[in-house]
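Chain residues, written in single-letter form:
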Amino acid sequence: MSLTESTLRVALYEGPGTRALSQETRFETLKQLLSQGCSVRRAADPGDVSVWIGDWAGDFEEQGEAAAHTCISVAPEHLPEAVEASRKSVAAAPAGQWKPWFPVIDYDRCTNCMQCLSFCLFGVYGVDGDRKLQVQNQDNCKTNCPACSRVCPEAAILFPKYKAGPINGDVVSDADLQREKMKVDISALLGGDVYSLLRERTAKAQSRFSKERDADKALAERQKCLTKLAALSADIPPEVLASLPSPDEIARRAAEAAAKAQAALAPKD
Amino acid sequence: MAHPRILYCHCQYAQVLPKEVKEEVLKKLCASGVDFEAVADLCELSARRDPLLKELSEGGPLKIAACFPRAVKWLFAAAGAPLDASNTQVTNLRVEHVEPAFAALLDPSLSPNLPAVATTTPSHVAH
Ligand code: SF4
Ligand code: SF4
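Protein sequence lines correspond, in order, to chains A and W.
The opening position of the first sequence corresponds to residue 1 in the working numbering, with each subsequent residue numbered one higher.
The opening position of the second sequence corresponds to residue 1 in the working numbering, with each subsequent residue numbered one higher.
Isolated chain A, as found in the complex:
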């Protein structure tokens, strides 16, 4: 996955050379374009957008201003395919291959404590040139997992697609803040850090697996164990826990993240 491409930008054009669209067609066309991940300008003036979509009258799309643009017909039997071709020709981002789920930092709240960076095993976080926390690898984040927002003592980590506040961006109340702080304390009480808990559980499960002949049964056992762990570790989805690396790898990545956080927090020379 790469997040370097921009989305395909198109204009829903209803100027000279096109027939006006009915409200229904305008709406259905827009919905289709959005379902294909496009950004759509719906305006009398398409500006510098180079892909124009309209109900072309005659051969206008081959003449005048329109000739300088890619002109696509609104006809539903042509539209999806033509949009895909256009996307490929300008190397725009593919649609729908990634659910955009990733942490977003509220810098009005963030204290740069680096707890999130030390916690995340998947290299989502990093620091900028001024050693300020940054979300750097959004597509490394595990879909639907809000775990790092649980370790932030300031409720500064948002997941805009999360179901509830304040993680979804809703206003942070004092009660929320107390709860977030308590969660950190609880995980500390449970044995220092969440990863030691994870390691312990996974190691126990693995020693059981080694004696286990039946692979399906072993899988069911692992899932049961992970489900229990999910209940302990707030709302980490079981599929995320199931995809955790081996205990050794967890230890290695946790140490790497901790070192990165420590370096960011060390006094500057």
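The following label-pair restraints were derived from C-beta to C-beta distances: (1) W/P18 x A/P237: 18 to 28 Å; (2) W/E23 x A/G123: 32 to 42 Å; (3) W/N113 x A/Y107: 14 to 24 Å.
Read the hints as simulated data drawn from the structure, not as lab findings.
Bear in mind the structure is a predicted one, so any value in this text is a computation, not a measurement.
No residue lacks a Cβ here, since even glycine has one placed at the ideal position from N, Cα and C.
Keeping the supplied structure of chain A fixed, place chain W with the ligands upon it in accordance with the hints.
Only chain W with the ligands this time, still in chain A's reference frame:
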């Protein structure tokens, strides 16, 4: 005075916005004849640092139909396109009903509502 530009987010890749609300607002925008920009998923544009966000954040008064203002503020900031708090109004389709949401977008006057400062005190300010 020109009408503030309108940005509509369809939240394509999650069921975060009630379907009937987002579709009804889009339908009304289509019927109104007003100019607007519609994006499939603002979160995705933020992660991609899509140049459209900079164009929107630097283009003067802006009305956005998406989700919580705090989320929208920091999604733009994360894309290197910080919004001008005095010139931006966010309509939250997660909680608003269709009629007031649409009325807010079409109203030519703008009521800025981005959180300007933390609403509860983070510990670095408290101590
Ligand atoms: S844990 Fe929260 S406050 Fe600490 S660096 Fe991460 S986002 Fe900022
Ligand atoms: S900005 Fe809000 S409404 Fe838009 S895609 Fe993200 S979560 Fe959905």
